[in-house]
Every structure is written in structure tokens, then in C-alpha cells.
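Visitor: One-letter residues, chain by chain:
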Amino acid sequence: MTKRASDVSASPPRRRRSYTIAPLVLIAANVVLFALFFVWPAVIGLVYSFTNYTGVGAFQFVGLDNYSNLFGDSSFYDALTRTLLYTVLFVPLNFALSLLIANMLVSKHAKGTSVARVVFFIPWLLSPIVVGVLWRWLFGENFGLVNYVVEKFGGHAIPWQSNADLSLLVVVMAASWAWTGFSMLLFIAAIKNVPVSYYEAAALDGAGPWRQFISITLPSIAPTSFIVILLNTINAMKEYPLFVSLNNGGPGTSNNLLVQYIYQTGFQRGQIGYASAASFVLMLILMAVAIIQLIVNRRVENR
Amino acid sequence: MTTTDMARPVDADPGRSVSKKRPRSAGGGGLRRAVPATTLLWILACLYGLPVLWFILSSLKPAGDLFSYPLTLVPHHPTLSGYLTAWRSANFSQYFINTALVCVITTILTVGASCCTGYALAKYDNKWLKVFFICILATTMLPSEVMLAPEFLVVRNLGLYNSFTGIILPAVLTATGCFMFRQFFLTVPDELVEAARIDGARELSIFARIMVPLSRPIMLTLAILSFQWRWNDYIWPLLMLNDPNKFTVQIGIQSIVGAQNINWSVLLGASVISMIPLIVIFLVFQRYVMGADINAGLKD
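Quick mapping for you: the protein sequence lines, in order, are chains A and B.
The numbering of the first sequence is this note's numbering, which starts it at 1 and goes up by one.
The numbering of the second sequence is this note's numbering, which starts it at 1001 and goes up by one.
Bear in mind the hints are in silico, worked out from the structure with no lab data behind them.
Errors might be hidden in some of the hints.
[As the list claims (entries may be wrong)] In the SDA-like style, the derived pairs of lysine to any residue whose C-alpha atoms are separated by at most 20 Å in a straight line are:
1. B:1130 x A:34
2. A:152 x B:1054
3. B:1127 x A:25
4. A:152 x B:1066
5. A:152 x B:1073
6. A:111 x B:1036
7. B:1130 x A:111
8. A:108 x B:1127
9. A:111 x B:1073
10. A:238 x B:1066
11. B:1130 x B:1142
12. A:111 x B:1054
13. A:238 x B:1143
14. A:192 x A:118
15. A:238 x B:1238
16. A:111 x B:1047
[Said to hold, decoys possible] Stretch by stretch, here's where chain B covers chain A in the computed footprint (C-beta under 8 Å, at least three residues):
17. 69-80
18. 159-169
19. 227-241
20. 245-259
21. 283-289
Think of the CB as a built atom: it goes at the ideal place given N, C-alpha and C, for glycine as much as any other residue.
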């Protein structure tokens, strides 16, 4: 991407001077927005994370107190581990489902793929709030369709809402369901870009479809897989609205996630300084995730 | 739908593949392959479609029938009363109009700003442009969810608290949008720009007269994506808005969920109403969304 940019615009240096105004005008709006809503908040967020600011009035610098308190705060730990658990469950499930579906949608043997594609995509259009409502309706303990079916088949009603682990599982399923459309679209584009000749050559060598999938498709779409995993990990770490509307972090507070924790400490308890510190811990985790995945990706590509 | 149900098709895949060994005998093998592949695809499609279908069918049931056993898929006495109650109650129509307004304005601004920035990034070669490109990349690394509290303070200090401007402005700069336009303008030959320059066209009029019309498909794609992001936004409007008359649809729905006793009839109706605009837009412009090269898309 970057290589191409420099190739494309290799204009002679003497002309460049006359092209300062135009690009500046073109990017002006976004530069202002970037400074106002990105740089400024990032800076004051970092500053506030070392203070006991409550959102109003004076504040004092407290050094690293917020950070050290954070690591002694069991509810922060619970939120952190719950977020990690959610991510670890959601990302592979979403990956497997969207890859499987993308594969079937590009298969020339399956019929009705254009309609099926719309069916798989519609959940992505729904807002996380509505997805939460919808799955709450499906998995209601006393009235939900799922428990109704379970009981019809002679089972006992399953405590989808009152068991903390099951209620997390419902959110994982709901999120995988809702996010399939997007990941699937990325996979479809990638699979279609794999040269057909690879498959033809493999077929001549007697490789079956499964073998072709493992040896050709998977390696060819590795960059897309990387993007899907990265995006989904980051999205999962920041998940909030889905939890709020599906079970509100319940039962009790057992499924409170990080963003919810930040929201509650910052806006409901007015501990802006403390919430800022928690935000920066979340940011460090997100950056670590991105960097680790970049390194792994580079290593895989160089192999 | 349980996890085992979802996992099974993955296992079924190799089984399906083993059954056909001769790729060249397409004539006879066609049907043999089509049946398992199509069956599996449609089992999954049903699993994905069923929740929405059940939800919409339930919303057509009269309030009294919602919990009556045995559950029935198709409502016996379909009615729109849930929708009507939802629309009339709790300012929901007001929320709907608010959301539409915010979405349309944000989308127009996002498309405009992204188009300008993407073009500058693709067609001009300045050091500071490259720096700004990295800055835009940085916004994907530090998502707004992480900066909730400080961003809130900034918007409050700007005097935008409890105003639509406070929701709209922070959402205009999107990395995805800038990427999409940059990628597109890279594919437009430089000769086109050069020729216009030789003809004496000024820089900004080259952009406005030649480049903007060329990028119409990207504009539409980004507009659809942007509309979807903003329509579904929850946490930022929740923080920004204090006045119930300015609430957006998502906040309205969430407030019904958060009530002591959930009024499911109203909730289902309100949720289905909130889905309609996006589904209509999607069905109309489907090919733009489906064909969109969103590989560059990182963040809303």
C-alpha cells in the first residue's frame, strides 16, 4: 500500500511547492477533527489518569495511585478476565463460522447462494442493542423459544440468564451470529481472489476438496484471516451495547466487561481520573494484541 | 441454537468432500455435489434466519398472545398493535426522527471529508500528508471506547453537550472512509490529473469537477456503511444526550429493556421498527455493500 503511494506521486520537486494549498484545504476538515476529538482527549485522558479528577471542580495529581489501585480492584480484575474469556470464545467461533459460510457461498455446487448471502448478512445490519433484545427474547428462561424447544424434547429449562457462564455463552453466540456477515464478506472477497489454476493443478494431482482447502485456500487467504482475527479481537475487547441489552452484565455483576466498568466508574460514580486509568490499561491491551498479531502475521508470511 | 449445532457443519465439511473424487466428470457429479452442499448451506441459513424470523413473527402477535403456550411460529391473529403502541409511546417517533437526522447529516459530512482526505492522500506527495496518514491509522489503534471519559469532557468543554452537534462532529473522521477513497483514487490514472493541469485547471476544480464524479460508487458504499454505524450507535449518544426529546432510537429501545418489567410487546415493535430503515437501504443498494472492498476497513 505504502509502496504504491510513493510510486504514484513521484512528481518533480519544483512543482511540489505549488501544491501545498490544495492538499491542505482538502485535509483541513479532518485535521481539525483529529486534533479536537482525538489528540486533545488522548492527552487530557493521559493527564487525568494521574489525577483524582471527578469531572467537576479542582483535582490533584496522585501519581500512579489510580493504576496501582486498579490492580488491587477485584471488580476490575473480574471485568478484565470476563472480557478476555469472552474474546477467546467469540473470535474462534466467529472465524470458523464465517469461513465455513464464505466457502459454501463461493462453491459453485450450492444453489441459492445469492439469497443465502442476504440471510447471513442481515444480522450484521442490526444494532447490537436489537441483537441483544432478540437473543434475550429467544433465550428467555420462562418464555424463550429455545427453552420451549428444549422442554418439548423432554429436557429441563436451561438457566440461560441466571447462570453466569451460560449467560456469557449466549452473548458469545449472539455476537458470532451478528458478526458473521462482515467477516464472511471479507473471506468471500479473499477466496474469490485465489487463482483457479491452483485448484485445477491440485485436482489433477488428486487432491480432494478438503485437501485443497487446507493446502490452497487457507494459506492464500492468510492476510484476510489476520485482519478478521485482529478486528474481531479488538471489537470483542470493546464490546458493550450487546451485553447491556442482552443481560446487562448479569446475572448480578458477573458479566460486567471492561467498557462497562469504565462507563460505570467514570460516569455513574464520577471517578473520571480512575476511569481514564482503566481506559489506558484497555488501550495498552488493545495495542499489545495488535502488535503481537502483526508480529505473528509477519513471521507467517516470511516463512 | 447451541454451540454443538453450530460446530457440527464444520465437521460435516470433510465428509462432504470425500464423496466426490472426480472433478472432471462434472455432468453426473453435478447433482451429487449440489445436494449436500446446498443442504448444508440452507441448514445454516435457516439457523441464521430463524432468530430474525421468530422475532418479527412474534412482534406481530397481540400482546396477550406473546407468552401463551404452546408457542406458535405464525401468529394466529396478526396485528400491528405492538408497532402502533411503540410508535406512540415514549416519544419513539421523536427518537426515530432524531436518529434519522443525525445519521443523514453525519453521513454527508463523513463522505465529504473522507473523499477530500482520501484524494489528497492518494494524489499528492508531501511529507506531512504521510504523517497525517499515520495519524489516521492511529485513530484505529485508540478507539473511542477507550477515550470515553476524556472525549466526553472535550465535547462538554466545547459546549456541545446535549446537542446533536456533539454526536455528529466526533463521528465524521473515519479511518475506513479515508482508506476507501485513498485506495480508489490510487487506481485513477495520474495522467488524468496531469492532462487537466496542462489544460490549465486549478487543483481544487480538478478534484471537484473530475474526481468527485468519478468516485460516486465509493461514496455510495461509504454512505451506506456510515449510515449503518451511526444508526446503530449506542454508547456515544447515551453519554451525550440528557434531554429525552433528543434521544436516539437505540437509547429508546435500551430504556425499554432497562425498565423494571419489560413490556415485550412495545419492545418487539420498537426493535422491528428500528431495523426497517437499514434493511430497506441494504436491500436497495445490496450490490454496493456486497461488492465493497472493505478489507481496508478497520473502524467506524
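Visitor: Determine which of the earlier numbered hints do not hold for this structure and return their numbers in increasing order.
Guide: Hint check: 7, 8, 9, 10, 12, 17 and 18 fail, others pass.
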